[in-house]
Amino acid sequence: MSAATADEGMLVIGLGQPDRGDDAVGPVVAARVRELAGDSVTVLTREDPTALVQAWDGYRVAVLIDAVLTGADPGTLTVRKAGRDAETLPTHAFTAAGRGGSHAFGVAGAVELSRTLGTLPEQLAIVGIEAETFDHGPMSDAVVACVDDAVATVIATLARAVGELKDTEAGTCA
Amino acid sequence: MTHQLKDGGQVLNVGMLARVEGEGGMHIEIKDRQVVDVKLNIFEPPRFYEGFLRGRTYTEPPDITARICGICPVAYQSASTEAMENICGIVTTPEIQLMRRLLYCGEWIESHALHIFMLHAPDFLGYESVLEMAKTYPDVVKMALRLKKAGNDLMELVGGRAIHPVNVKVGGFYRMPTVAELEDLRPDLERGIEDALAAVELVAGFDFPEMEQDYTYVSLRHPDWYPLERGNEIVATNGVRFPVAEIPQHIEEFHVAHSNALHARFDGGTYFVGPLARYSNNFDQLSPRCQEAAVKAGLTETCRNPFKSIIVRTVELAYAFEEAVRIIDLWRDGHAPSVPIAPRAGEGVGASEAPRGTIWHRYCIDADGVIEDAQIVPPTSQNQASIEADLRLAAQQWVDLDDHMLTHRCEEAIRNYDPCISCATHFLDLRVKRS
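Here the protein sequences line up with chains D and B, keeping their order. Here numbering that gives the first Met the number 0 is used: position 34 in the first sequence is 33, and no number is missing along the way. Here numbering that gives the first Met the number 0 is used: position 227 in the second sequence is 226, and no number is missing along the way.
Everything labelled a hint here was simulated from the structure, so no lab data went into it. Zero decoy hints are in this set.
Capping the alpha-carbon separation at 35 Å, the derived lysine-lysine pairs in DSBU-like fashion look like this:
1) 134(B) <-> 165(D)
2) 141(B) <-> 80(D)
3) 165(D) <-> 80(D)
4) 134(B) <-> 80(D)
5) 134(B) <-> 295(B)
6) 141(B) <-> 165(D)
7) 141(B) <-> 295(B)
FRET-style restraints, in silico, Cβ to Cβ:
8) 78(D) <-> 126(B): 31 to 41 Å
9) 165(D) <-> 186(B): 31 to 41 Å
10) 137(D) <-> 374(B): 23 to 33 Å
11) 180(B) <-> 37(D): 26 to 36 Å
12) 89(D) <-> 138(B): 23 to 33 Å
13) 47(B) <-> 137(D): 17 to 27 Å
14) 159(D) <-> 391(B): 48 to 58 Å
15) 78(D) <-> 31(B): 57 to 67 Å
16) 37(D) <-> 183(B): 19 to 29 Å
17) 71(D) <-> 266(B): 47 to 57 Å
18) 57(D) <-> 193(B): 19 to 29 Å
19) 197(B) <-> 89(D): 32 to 42 Å
Where a beta carbon is used, it is the ideal one built from N, C-alpha and C, also for glycine.
Taking the hints into account, I'd like the entire structure generated from these sequences.
Shown next, in the form of C-alpha cells:
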C-alpha cells in the first residue's frame, strides 16, 4: 500500500498506438496534459494494455485516457470510475471479441487483473474518447476537434479524484 | 446450440473466433462417433499487405510489414530486411546482427510470456482466464507481467517502441543503444533468467493429455546459434535441408474454400513450424542450462506432444533472457548503426523464427528499388493444416466428452499453437449435434 497522501501519487496514462488512427488520441491528450500539469503529476504513454497493471501500481490517483468505440458520435467524451471501490468492469479477459488490444487483453482486463493483484489505484477514472477509425493513418477530424475538451476533462477528472480521496481520508480520520 | 444432420450425423460448430489479430471459427462433423470432417475457418478479412507493398520502395517493408501484427512485428521486420539485403548483396556487420538478435529476444520474451502464463496456463490449471487464475496464483501472474515488461523494455530501447518498433531499417538501425542504456535493463533480464527457469519447472508439473503427432517439423537452422532472427538454411525432420533462398521452391501456398488465410505445403505435404519444430531441430544449439532445464522437465531432444509446447516455450523464454544478457555483455559503444545500401534488381528471400514459427518474405525489386512483387508467409497459415489435424485427433480422442469439455479440449488444441486467433477461441459459440 502506498504511503502517499492524496496530493501525491497522481498519474495520467495515455493508452493507444500512435499510427492507428484515433487510437492515437490517448497519447496525444496525455502529451498535452504533461505540458499543463506540472511536476506533481506523472504522465505516461503506453501502447500495450497489459502494461497498465504495473504502470499504475503504487499510485493512489490515476486517470487513463483511451479511445473507445460505443456507438456514440466520434469525439464524444465519457468518464467512468474504475478504482478499488468502483463497480467491476464488464469483462472477461481474453474473451471480449474485438474489444481488447493484442490478444484481446483490453483495458477492462487490465483493470480487473489489477484489482485481483492489488495494484489498482484507489481512485481510477477512465476518460474515453469515442473513435471513428482505428485504421492506419491520422486521427479523424472529429477526434482532433475534441482534443482540447479531452485535456480539460482529464485535468478536471484528476482534480475531482484527488478531492474524493481527500474526502475519504477526512471521513476516515473523523 | 446443436445441428442435427438429416443422416443422423453430428456437427460441432465453433462460430466466431474473433480477436484483434484475426477472426476464425471451427467446424467438426461427427458420424457414428467418428470424426469425418474438420475445418479451421479463418475468415479474417483480406488485409492486402502484399498488394500495398507493390510499387513502394525497397526501404519501406520493415515499417509497413511491422504493422501486420502487434505481437510479432520484429519477425516481419527481420524477414523483410534480410530479404532486401540479400537482393542488394549487402552483408551487415556482426554488431548489427547482434543487435537484431537482441531485439528479437525482446519480442520472444513479450510474446512467450504472454502466451505461456496468460493464455495457455489457465487451460492446464483449470481456469477460464488469467483473471480467475490470478486469484489463486497471484505470484505467477505477477511474475508473468514482470517477465513481459522486461521484453517490452527491451523492445522500447532497441526498437524505439514496445509495439510496432520504428528503429529498424534495411541495412541496420537508425540508432544503436548505448552500453549505459542496456545496463539499465540488466537486473530485470538477469532476474528473468531465474524466473523463466523456475517457470519451466512449474509448467512441467501440469497434467498433459497423451497425444503425439508425427509431423514433419520444419525450422530454420544456423551453425552457430539457436535460430531466432535468422538462420542460414531450412531443415526438416524428414531429412530435407536447403538454403533459405530456396524456400519458395519447397513451400507452396494454396487457397482452400473455408479460409481467408492461405494453406501451405512443404514438398507437397503437411508440415509444422513453431516452437516444437525449432526445439526438435535445434536442441543442440540451446545453452547447457536450458538443455538441462528441458531434460529436467521431462523433455527429450524431440517433443511431439503439442500440449507440451508450453514447456518448450518456457525453455525458449529462458533462452531468450540468457541471450539478451549475453549480448549486453558483449556490447560496446561506437558501432555504426547501419551499412550503406543501394538497390539492385533481383529477387530475394528472408526468414526468421517468429514466436509462433518460421516466417518468410520474398520480394522482387527493380533497379530503382521499386517493389514489383511481394510474398509474406506467416507461421499461422503454414500451420493451419496441422491445427486441423490436431483438432481431428483431439475430437476423435475425446468424442464421448460432453459438449463443454469437448469444446475446451478443441480450444486447447488450437491454443497449443498460439496462432494469431488463439485467444479468440475463448469466445467459441459452440454448436454440437450428436446422433
